[in-house]
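Student: Here are the chains, one letter per residue:
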Amino acid sequence: MQHAELTSGPEQGTESPMRILVIEDDREAASWLVKGLRESGHIVDLAAEGLQGLTMALEGVHDVCIIDRMLPLMDGLTVIQNMRSADLKTPVLILSALSDVDERVKGLRAGGDDYLAKPYAFAELLARVEGLGSRKLLDPKDAKLKALDLEIDLMSRTVTRGGKPIILQPREFKLLEYLVRNAGHIVTRTMLLENVWDYHFDPQTNVIDVHVSRLRGKLDKGFAEPLLQTVRGAGYMIRAR
Amino acid sequence: MPANNSIFQTSTFRLAAIYLLVFAISAAAILGYVYYTTVGLLERQTEDTIHAEILGLADQYRLLGVAGLVDTVQRRSLDAGGAIYLLEGPNRARIAGNLDAMPTGITENQTWIDFPITVGKEPVAVQHTARGFQVELANGYDLLVGRDVNELRQFRDVIREAIFWAVGMSLVVGLGGGYFMSRNFLTRIDAITGATRLIMAGDLSGRMPVSGGNDELDRLSGSLNDMLSQIERLMNGMKEVSSNVAHDLKTPLTRMRARIEDALRQENALEYRTALDQTIEECDKLLRTFNALLSIAQAESGQMRQGLQPLDLFETLRDVVELYEPLADEAGGSLMLEARPGLRVRGDRQLLAQVLNNLIDNAMKYGQTSADKPANIEVIGRVDGQTVIIEMADHGIGINFEDRERVLGRFVRLDESRSKPGNGLGLSLVASVMTLHSGQIQLEDNKPGLRVILRLPLYTEAS
Numbered sequence: 001m002q003h004a005e006l007t008s009g010p011e012q013g014t015e016s017p018m019r020i021l022v023i024e025d026d027r028e029a030a031s032w033l034v035k036g037l038r039e040s041g042h043i044v045d046l047a048a049e050g051l052q053g054l055t056m057a058l059e060g061v062h063d064v065c066i067i068d069r070m071l072p073l074m075d076g077l078t079v080i081q082n083m084r085s086a087d088l089k090t091p092v093l094i095l096s097a098l099s100d101v102d103e104r105v106k107g108l109r110a111g112g113d114d115y116l117a118k119p120y121a122f123a124e125l126l127a128r129v130e131g132l133g134s135r136k137l138l139d140p141k142d143a144k145l146k147a148l149d150l151e152i153d154l155m156s157r158t159v160t161r162g163g164k165p166i167i168l169q170p171r172e173f174k175l176l177e178y179l180v181r182n183a184g185h186i187v188t189r190t191m192l193l194e195n196v197w198d199y200h201f202d203p204q205t206n207v208i209d210v211h212v213s214r215l216r217g218k219l220d221k222g223f224a225e226p227l228l229q230t231v232r233g234a235g236y237m238i239r240a241r
Numbered sequence: 001m002p003a004n005n006s007i008f009q010t011s012t013f014r015l016a017a018i019y020l021l022v023f024a025i026s027a028a029a030i031l032g033y034v035y036y037t038t039v040g041l042l043e044r045q046t047e048d049t050i051h052a053e054i055l056g057l058a059d060q061y062r063l064l065g066v067a068g069l070v071d072t073v074q075r076r077s078l079d080a081g082g083a084i085y086l087l088e089g090p091n092r093a094r095i096a097g098n099l100d101a102m103p104t105g106i107t108e109n110q111t112w113i114d115f116p117i118t119v120g121k122e123p124v125a126v127q128h129t130a131r132g133f134q135v136e137l138a139n140g141y142d143l144l145v146g147r148d149v150n151e152l153r154q155f156r157d158v159i160r161e162a163i164f165w166a167v168g169m170s171l172v173v174g175l176g177g178g179y180f181m182s183r184n185f186l187t188r189i190d191a192i193t194g195a196t197r198l199i200m201a202g203d204l205s206g207r208m209p210v211s212g213g214n215d216e217l218d219r220l221s222g223s224l225n226d227m228l229s230q231i232e233r234l235m236n237g238m239k240e241v242s243s244n245v246a247h248d249l250k251t252p253l254t255r256m257r258a259r260i261e262d263a264l265r266q267e268n269a270l271e272y273r274t275a276l277d278q279t280i281e282e283c284d285k286l287l288r289t290f291n292a293l294l295s296i297a298q299a300e301s302g303q304m305r306q307g308l309q310p311l312d313l314f315e316t317l318r319d320v321v322e323l324y325e326p327l328a329d330e331a332g333g334s335l336m337l338e339a340r341p342g343l344r345v346r347g348d349r350q351l352l353a354q355v356l357n358n359l360i361d362n363a364m365k366y367g368q369t370s371a372d373k374p375a376n377i378e379v380i381g382r383v384d385g386q387t388v389i390i391e392m393a394d395h396g397i398g399i400n401f402e403d404r405e406r407v408l409g410r411f412v413r414l415d416e417s418r419s420k421p422g423n424g425l426g427l428s429l430v431a432s433v434m435t436l437h438s439g440q441i442q443l444e445d446n447k448p449g450l451r452v453i454l455r456l457p458l459y460t461e462a463s
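Here the protein sequences line up with chains D and X, keeping their order.
Note that the numbering used here gives residue 171 to position 171 of the first sequence, counting from 1, and the numbers run on in steps of one.
Note that the numbering used here gives residue 185 to position 185 of the second sequence, counting from 1, and the numbers run on in steps of one.
Don't take every hint at face value.
[Claimed, not checked] With a straight-line Cα cutoff of 30 Å, these simulated BS3-like cross-link-like pairs (lysine-lysine) come out:
1) D:35 / X:285
2) X:420 / X:447
3) D:218 / X:373
4) D:174 / D:164
5) D:164 / D:118
6) D:118 / X:447
7) X:285 / X:373
8) D:174 / D:144
9) D:174 / X:365
10) D:35 / D:118
11) D:174 / D:218
12) X:447 / X:250
13) D:146 / D:89
14) X:285 / D:106
15) D:118 / D:144
16) D:118 / X:250
17) D:164 / D:106
18) X:420 / X:365
19) X:285 / D:218
20) D:89 / D:106
21) D:118 / X:285
22) D:106 / D:146
23) D:89 / D:221
24) D:218 / D:144
25) D:164 / D:89
26) X:239 / D:118
27) X:285 / X:365
Worth flagging that the hints you see were computed from the coordinates, not collected in a lab.
Use the sequences and the hints to build the structure in full.
Tutor: So, in structure tokens, the structure goes:
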């Protein structure tokens, strides 16, 4: 739960508008969500209950689905299970008021790709949705990841920038890999904590910032152009181009 | 519930009654057998003797005639010793024997008859009962041979009386015992029911009565009491939490409200913005508090116990220390880990990581030797016998002895000025996660500073 300052930082996601399906029964939360996503340049469809949501999702035209855990007519997890058994691979972000680790595991097991507990900061949601939307662009089996003049060799686990090798600790490597996989999109502190450290609790301190600034020091040392940006009130971003 | 109304419905009484019935039947059977083998045998022996004598005398009559029979009867009558003889002629006149007249009541030939006899001479003559057999011999002679069965009858009566009393007494004693047993049982059940009702009415400090005999009822009461203690503890915790939550939430809400009100008065876009920013910050803080409370509640409910997995706490320690090391470094302090793999416990990785996270966070906040000096923190992980021990030590202000228990409670912050960020829930979570893992937390003086010692049961394949 970082500060949700919608207007701060660079415009997110406008470079690649996505079609997003929101299945949420709470009218106020839904309209707020739709408004925010549209303002960020995306096309949004809304369903207020599970059955209608499933029908819309099965059209297969969406880049990302945002599905509330508890829905009338058909439960959110059932919607996802139905989507997956229909061989629909659209990335799904689950929203839930239940924040237990157990609930999260249940959601991911049902076929969800990410899980966000309510209440959340809009910036957090947007970063995750855009992260999910861009996921299919990069094949996780690619041996090499690139962002500007940075290159990561996943096989030999080496990093070079402009041909110059950069020595990283294993955790720093993981951190960089995650940032580069989401290059061009904002990554929040919580996303880093969850995906790089696999911690699903709030450490209440700026531990992540210190790790990122150390990594930045190694990446940008000797280069005029900064690669790793801080997006105020939201998180971090590696520039894609 | 008055005891006498329902005593016959108690299971104890029913059980007692069934046992009593079985006992009475078996006692009657045993005594009946004894009766048959003693009294019955003696009676049969007497009858056999009489019968044999009759046959002997009948033979004599056949061989020696009336004279021979009379002679024998007279001879035997002189030295009778309890034997009774009477020979009558065809005219119903007594010919020989020690009985005056044929007893009345004989209707047919060859029958058994009980009749009274007088023993001894007046004034000490007494009435005895005799049993005899009468036969009609040829030529109209009647012969009666009998025995004085008085002693036998007395013996029979004694035995009968004994049987009657034995069965009767066992019934009375059994019924009475059953009644008292059930009443005793019922009284204790009533006491337990009464205690339950009091507790249901809201007095959680009430306990089930324990008699001290350590019987099954006592053990039941003991378990119920343990359960009640646990419930009472949880309820008190909840009450305390509710009031603390209310208090700790009211403060930021008041602050928030005042700030918004003030901003609205200003009618200035910048003021609005600042107020909204601060409101979001305040909201996030409140949400953090709620999440921490939820985590504690979840750990305390014990529902997660089944989900605990074997893991090496060394890896968790290493990861968390690695996460915090740059931060400690940046501040100019240090975070040292001294541990080796093999700290096997059954646990929840997320919760244990959060515990270590909270402890390191505390140590960094309160472990400074002075305001401008950063904290030096040592973390030690080791195995001692069947226990995994984690120690976390700093050299800061420490915690006074009298506060060490209190500081584990919810919303307790010793820093009255509240200059450092935090919600007073960090150590509460540590304590509840330790309980979930069947572990313990101990706070010690590090001279100077605080040493937190966590103890968790070592996980082995056998356990």
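Student: Confirm or reject each hint.
Tutor: Outcome of the hint check:
With a CA separation close to 26 Å, the supplied pair residue 35 (chain D) and residue 285 (chain X) stays within the 30 Å bound. The straight-line distance between the Cα atoms of residue 420 (chain X) and residue 447 (chain X) is roughly 23 Å, inside the 30 Å bound, and the hint therefore holds. Distance check on the hinted pair: residue 218 (chain D) and residue 373 (chain X) sit about 28 Å apart at the alpha-carbon level, within 30 Å; holds. Restraint check: the Cα-Cα separation between residue 174 (chain D) and residue 164 (chain D) comes to about 19 Å, which is no more than 30 Å; the hinted pair holds.
With a C-alpha separation of about 44 Å, the suggested pair residue 164 (chain D) and residue 118 (chain D) falls outside the 30 Å cut-off, and the hint is violated. Of the supplied pair hints, the one linking residue 118 (chain D) and residue 447 (chain X) is violated, its CA atoms being roughly 44 Å apart against a limit of 30 Å. With a C-alpha separation of about 27 Å, the suggested pair residue 285 (chain X) and residue 373 (chain X) falls inside the 30 Å cut-off, and the hint holds. Taken as a hint, the residue 174 (chain D) and residue 144 (chain D) pair is honoured in the structure, with Cα atoms around 14 Å apart against an allowance of 30 Å.
Among the hinted pairs, residue 174 (chain D) with residue 365 (chain X) is consistent with the structure: their alpha-carbon atoms are about 29 Å apart, no more than 30 Å. The hinted pair formed by residue 35 (chain D) and residue 118 (chain D) meets the criterion: a straight-line CA distance of about 18 Å does not exceed 30 Å. This hinted pair checks out: residue 174 (chain D) and residue 218 (chain D) have alpha carbons roughly 14 Å apart, not beyond 30 Å. Distance hint between residue 447 (chain X) and residue 250 (chain X) is unfulfilled; the C-alpha atoms sit about 38 Å from each other, more than 30 Å.
The straight-line distance between the Cα atoms of residue 146 (chain D) and residue 89 (chain D) is roughly 25 Å, inside the 30 Å bound, and the hint therefore holds. Taking the CA atoms of residue 285 (chain X) and residue 106 (chain D), the gap is about 27 Å. The hint holds against a cut of 30 Å. Restraint check for residue 118 (chain D) and residue 144 (chain D): the C-alpha separation of about 36 Å exceeds 30 Å, so the hint is violated. Between residue 118 (chain D) and residue 250 (chain X) the alpha-carbon distance is near 22 Å, which keeps this suggested pair within the 30 Å criterion.
A C-alpha spacing of about 44 Å is found between residue 164 (chain D) and residue 106 (chain D), which places the hinted pair above 30 Å, so the restraint is violated. For the suggested pair residue 420 (chain X) and residue 365 (chain X), the alpha carbons sit about 7 Å apart, so the restraint of at most 30 Å is met. Taken as a hint, the residue 285 (chain X) and residue 218 (chain D) pair is broken in the structure, with Cα atoms around 33 Å apart against an allowance of 30 Å. Only pairs whose Cα atoms come within 30 Å are accepted, and residue 89 (chain D) paired with residue 106 (chain D) is accepted, the gap being roughly 18 Å.
Distance hint between residue 118 (chain D) and residue 285 (chain X) is fulfilled; the C-alpha atoms sit about 14 Å from each other, no more than 30 Å. Our distance criterion of 30 Å between C-alpha atoms is broken by residue 106 (chain D) and residue 146 (chain D), whose separation comes to about 34 Å. A C-alpha spacing of about 40 Å is found between residue 89 (chain D) and residue 221 (chain D), which places the hinted pair above 30 Å, so the restraint is violated. Between residue 218 (chain D) and residue 144 (chain D), the direct Cα distance comes to roughly 20 Å. Compliance with the 30 Å bound is thereby established for this hinted pair.
For the hint linking residue 164 (chain D) to residue 89 (chain D), the alpha-carbon distance of about 38 Å lies beyond 30 Å, and the restraint is violated. Proximity of residue 239 (chain X) to residue 118 (chain D) is assessed by CA-CA distance (about 26 Å); at most 30 Å being required, the pair is judged to hold. Taking the CA atoms of residue 285 (chain X) and residue 365 (chain X), the gap is about 18 Å. The hint holds against a cut of 30 Å.
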